[in-house]
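2 protein chains.
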Amino acid sequence: MELKTIENIDIVKSSTTKINEVDFDNISFGNTFTDHMLICDYANGEWQKPIIQPYAPFTIDPSAKVFHYGQAIFEGMKAYKDEQDDVWLFRPEENFMRFNKSAVRMAMPEVPEEVFLGGLKKLLELEKDWVKKGNGSSLYIRPFMIATGPGVVAAPAMFYRFMIILSPAKSYYSGAVKVVVAEHFSRAANGGIGAAKAAGNYSGQFYPTKLANEKGYQQIIWTDDATHTKLEEAGTMNVFFRINDTLYTAPTSERILDGITRKSLIDLAKRENIKVEVRSVLVDELVNAAKDGSLKEIFGAGTAAVISPISGFAYKEEYFELPNVEDSIAMDLKDKLTKIQTKLADDTFGWTVKI
Amino acid sequence: MELKTIENIDIVKSSTTKINEVDFDNISFGNTFTDHMLICDYANGEWQKPIIQPYAPFTIDPSAKVFHYGQAIFEGMKAYKDEQDDVWLFRPEENFMRFNKSAVRMAMPEVPEEVFLGGLKKLLELEKDWVKKGNGSSLYIRPFMIATGPGVVAAPAMFYRFMIILSPAKSYYSGAVKVVVAEHFSRAANGGIGAAKAAGNYSGQFYPTKLANEKGYQQIIWTDDATHTKLEEAGTMNVFFRINDTLYTAPTSERILDGITRKSLIDLAKRENIKVEVRSVLVDELVNAAKDGSLKEIFGAGTAAVISPISGFAYKEEYFELPNVEDSIAMDLKDKLTKIQTKLADDTFGWTVKI
Chain A
1 MELKTIENID IVKSSTTKIN EVDFDNISFG NTFTDHMLIC DYANGEWQKP IIQPYAPFTI
61 DPSAKVFHYG QAIFEGMKAY KDEQDDVWLF RPEENFMRFN KSAVRMAMPE VPEEVFLGGL
121 KKLLELEKDW VKKGNGSSLY IRPFMIATGP GVVAAPAMFY RFMIILSPAK SYYSGAVKVV
181 VAEHFSRAAN GGIGAAKAAG NYSGQFYPTK LANEKGYQQI IWTDDATHTK LEEAGTMNVF
241 FRINDTLYTA PTSERILDGI TRKSLIDLAK RENIKVEVRS VLVDELVNAA KDGSLKEIFG
301 AGTAAVISPI SGFAYKEEYF ELPNVEDSIA MDLKDKLTKI QTKLADDTFG WTVKI
Chain B
1 MELKTIENID IVKSSTTKIN EVDFDNISFG NTFTDHMLIC DYANGEWQKP IIQPYAPFTI
61 DPSAKVFHYG QAIFEGMKAY KDEQDDVWLF RPEENFMRFN KSAVRMAMPE VPEEVFLGGL
121 KKLLELEKDW VKKGNGSSLY IRPFMIATGP GVVAAPAMFY RFMIILSPAK SYYSGAVKVV
181 VAEHFSRAAN GGIGAAKAAG NYSGQFYPTK LANEKGYQQI IWTDDATHTK LEEAGTMNVF
241 FRINDTLYTA PTSERILDGI TRKSLIDLAK RENIKVEVRS VLVDELVNAA KDGSLKEIFG
301 AGTAAVISPI SGFAYKEEYF ELPNVEDSIA MDLKDKLTKI QTKLADDTFG WTVKI
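Chains as they are written, first to last, in UniProt numbering: chain A, 1 to 355; chain B, 1 to 355.
Simulated from the structure, these hints should not be mistaken for lab results. Hints may be right or wrong, so weigh each one.
Note: identical chains are not told apart, hence a pair may lie in one copy or across any two.
Straight line, CA to CA, 30 angstroms or less: simulated DSS-like cross-link-like pairs of lysine-lysine [said to hold, decoys possible]:
1) 49 / 210
2) 230 / 316
3) 343 / 128
4) 4 / 263
5) 101 / 215
Based on the sequences and whatever the hints tell you, model everything.
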């Protein structure tokens, strides 16, 4: 795949760089940004000329609809640098297509491919020194769109801003986490916006997660909101269960994000002759599998952490510790996927795209 | 009730006013703002000194969590001017308490009463010329809080901004609307944030409402997301049904906002010896009542419109037109409530508060 290019774009370069102030080996996720950002405004029914300019705060009206009605969507992607100093993206067209699906669900205008992918290419060319090699390093990419149009009336805005900001990242791995299975709270409704990467899906999780943290759990495994019997996502990630030697993950739905890491892992596991079943997993199944010892692994899957292993789960005041497995499928898949992403292994799928 | 006052506040007055440019008799809802706004920032674990300053755009970081995770809440209130030119609020303490309930649910800091109500009092004192008398005029008040803290990590922010902006309004009445009963889409999940006035609850409605608009319906009556059998809210309002001479409205829940207009109408109806039953109303009941002629009225209830009458509803491709009733309970209650709010009738409930 070739990235679409864009010519009709303004570039205003920063006269300084922050890159020498950054300790790339000790960097917390999502808090450091590169020197430039991309901005493209939507007005009068069309997308205006995009501009790449120095990263900086911008001005916005207090009545902008993003503040009042949460009309906002985003994507998460990563750029990697290989041994030859080439910069690579992982399945960027998937992020682009999902972004526009989210846009439709949130009644926002779709972003043209040349702005999203072509603009990203230009931005990465400018910021390529911020993409570091090896050691799980990457440049996290955050495309997002907000409703900048004014007015405290609950209706879609007339003005929008699409932006891309970049944040250098180390491997996100912070050890295996303990989780609690949601018995009361939930993240998405049937017929709701759970399948969109919409801003409103995330802040609703903060309070339940805080309550879980206070009880000693780092994350929540979300269940369906109607019955709380089906396991759906883990924190902000898709979730996989290994029972004996089969991986299980829920099918995507209106409540479950169509994760790119999730579907890449499914394809990768199949290539490796690991059995994968895409079907709803019931909480009862999980508890029974934990009790009879057939539950081997649970892990979250998402762009930021790639794979986040889970060491145990609580349900109805009972805690189930997972065994230490020697042949961790989670760690094996993480290693294989990361090697594809960083060009250390053959990309037999054609997932990687050179900038 | 007396409004709490605040002394520790800065006031920077605008050197100009836009008031003479405003045609108060022809004003669209929510698009015109007064000369000043209130800002109070939360930093280092505490609320800073609030400031009233000229209404203007402000600067914010592109990575502010409100843009990415929708951590944002608001309230809607109105100020009215009586014949003696005094300015009145309607149950402002209810808005204040609900705001802080929303804050807790969204993992945001609670706003002190002297900032929310005391600050509002100061702001209204400064903007009292913007509150017009009679004819359904009011000054719509929009307190809101956004997560200004930076970082593309899905976790609560460390910095917040509380603001109040004001928008002059005429009566919101735009005629009776045709609605469609939701069979697929929904606005809230069990264990979700539907009971909070959180930004993310609103933008999710835009797309389903757009689809309804395309079919000739102005609004949607939301049903429970699990079964789509229970009638819950209408658009962004609570909803009432009149079957024969009894009013029905759903109990508040995790999915249904505890509307201040809703509960005021319930109290007012009881005072007027109108039978009110607070219980879930099923879609089937509504259809049957429409068929046998016992369904007399449906109306939405909320701060902006007070009462919004509904002329008919569609369900499963069938449209049910409501009868023209001569003794409309909706219109009678709207008249009585508006008269209390504007001090044209005795406030036997003690709901109105003088600025």
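Here's how the hints hold up against the structure:
Taking identical chains as interchangeable, the C-alpha atoms of residue 49 and residue 210 lie at most 30 angstroms apart only when they sit on different chains, with a minimum of 28 angstroms there against 42 angstroms within one chain. Taking CA atoms no more than 30 angstroms apart as the test, residue 230 paired with residue 316 passes in both settings, with 15 angstroms inside one copy and 29 angstroms between copies. For the identical chains of this complex, residue 343 and residue 128 are intra-copy neighbours only, at 16 angstroms inside a copy versus 66 angstroms across copies, given an alpha-carbon limit of 30 angstroms. For the identical chains of this complex, residue 4 and residue 263 are intra-copy neighbours only, at 24 angstroms inside a copy versus 56 angstroms across copies, given an alpha-carbon limit of 30 angstroms.
Proximity of residue 101 and residue 215 under a CA criterion of 30 angstroms is satisfied inter-copy only: 22 angstroms between copies versus 37 angstroms inside one chain copy.
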